[in-house]
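S.K.: In order, the protein sequence lines correspond to chains A and B. For what it's worth, the working numbering labels the leading residue of the first sequence as 154, then goes sequentially. For what it's worth, the working numbering labels the leading residue of the second sequence as 154, then goes sequentially.
Do not take every clue at face value.
Here chain A is said to cover these stretches of chain B; the calculated rule only asks that three of the stretch's residues, wherever they fall, bring their Cβ under 8 Å from a Cβ of chain A [what the hints assert, rightly or not]:
(1) 223-231
(2) 243-255
(3) 341-350
By construction, these hints were calculated from the structure, which means they are not laboratory data. Computed from a predicted structure; not experimentally measured. Beta carbons are placed, not taken as given, at the ideal position from N, Cα and C, and that holds for glycine.
2 protein chains.
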Amino acid sequence: MTERTQITRLREYGSTDRAALDRLLADVRVGHFGLADDAGRPVVIPTAVAPDGDRVLAHGSTGSRWMRQLAAGAETCLAVTALDGLAVARTAFESSLHYRSAVLFGRCTALAGEDKAAALDVITEALLPGRTAEIRPANRRELQATLVLALPITEWSLKAFDGWTEDGDDDLAGPAWAGVVPMVTGYGSPRPAPDLRTGIEVPPSVTRLVRRDPGQAR
Amino acid sequence: MTERTQITRLREYGSTDRAALDRLLADVRVGHFGLADDAGRPVVIPTAVAPDGDRVLAHGSTGSRWMRQLAAGAETCLAVTALDGLAVARTAFESSLHYRSAVLFGRCTALAGEDKAAALDVITEALLPGRTAEIRPANRRELQATLVLALPITEWSLKAFDGWTEDGDDDLAGPAWAGVVPMVTGYGSPRPAPDLRTGIEVPPSVTRLVRRDPGQAR
Chain A
154 MTERTQITRL REYGSTDRAA LDRLLADVRV GHFGLADDAG RPVVIPTAVA
204 PDGDRVLAHG STGSRWMRQL AAGAETCLAV TALDGLAVAR TAFESSLHYR
254 SAVLFGRCTA LAGEDKAAAL DVITEALLPG RTAEIRPANR RELQATLVLA
304 LPITEWSLKA FDGWTEDGDD DLAGPAWAGV VPMVTGYGSP RPAPDLRTGI
354 EVPPSVTRLV RRDPGQAR
Chain B
154 MTERTQITRL REYGSTDRAA LDRLLADVRV GHFGLADDAG RPVVIPTAVA
204 PDGDRVLAHG STGSRWMRQL AAGAETCLAV TALDGLAVAR TAFESSLHYR
254 SAVLFGRCTA LAGEDKAAAL DVITEALLPG RTAEIRPANR RELQATLVLA
304 LPITEWSLKA FDGWTEDGDD DLAGPAWAGV VPMVTGYGSP RPAPDLRTGI
354 EVPPSVTRLV RRDPGQAR
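Bound-form chain A, shown alone:
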């Protein structure tokens, strides 16, 4: 724990549980990288992220200046956030969200060679499990056009709330409802591309994804 991972607000919701961080990273699809621009002003970049052991992977085009800045080892902060529900109190003040939120600090490294190709497969599998077995491997041109970044999971903090709201005695005795409304996210029916050749069925990766219980996609 460092000065910047120390939670100062609502400390009781803070967690140093690495397994909980791993679950959050597995549940989210997108993270937000913070950067400073040339003038030192903050910039936030959303991008797909995927956990890979003790690092978080992201990828993007070599044509993206922000990806290049991250690849060059710029200091960054990655925020990953999952929204799990509305925590409805008897008052607006005590109402809240059910959420899980982590920030990771550090510098990315750009991957190369075998590690880069394997990391791209990890990203593909995170978004659509089983997909890599259904498609050809990336070719040299594609690998060259892609930056693959790894942020080490070293300096991080995690905050989560999944409890019940707490109203004061006056409000407890009042007429207002309180409870939780879960948010559920899942996948709808796949739509084939207009240029799909006839006879090509929806692949197992997509079928499995759509059949999964709701609440798994974010």
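Knowing the structure of chain A, use the given hints to seat chain B on it.
M.R.: Using the frame of chain A, we list chain B on its own:
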């Protein structure tokens, strides 16, 4: 448009359509504010956001140092991102996400008085439409403990992809599937708080929210 709202990558997906920005802001629940810490290092803070005309509202505790830094007018970048589906190509390289993503640059102001109280109602209504009519107004203690921030919608950019992926001729002729898998988010059955007094029914605000078509909550 400024230097930093100019889209350099995949320009064809950029948009200056203010109505599209407003739809995105109405669809998201959470945004990510970028800040620089005392040492100039990037920090990203997730928080609930709500559109309010030509500004975006956020709120938090006076006990949060990041909220105080935003309230003090620190330069910031707010990213709001909606994930609408998986765009599955015949190759990993051409695969993508259906997304809508905006960044807004500027400085927040801290609201006070009537404007502050009204803005809190806007935030409550954005999360749970109709709720303000079901609960008492915020009291003085609650208002004093809350920072309400407004970021003007002046310098922003928007990028979205909702199309079909484009594979090369060799891959088009191959055996792999391509299409889109929509992501759908909605609300599950409300769970009453354990300390809810008997006889208090689920209120209209929650009933309406849960009955809404999926794809509305993010």
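S.K.: List, from low to high, the hint numbers that the structure doesn't satisfy.
M.R.: none
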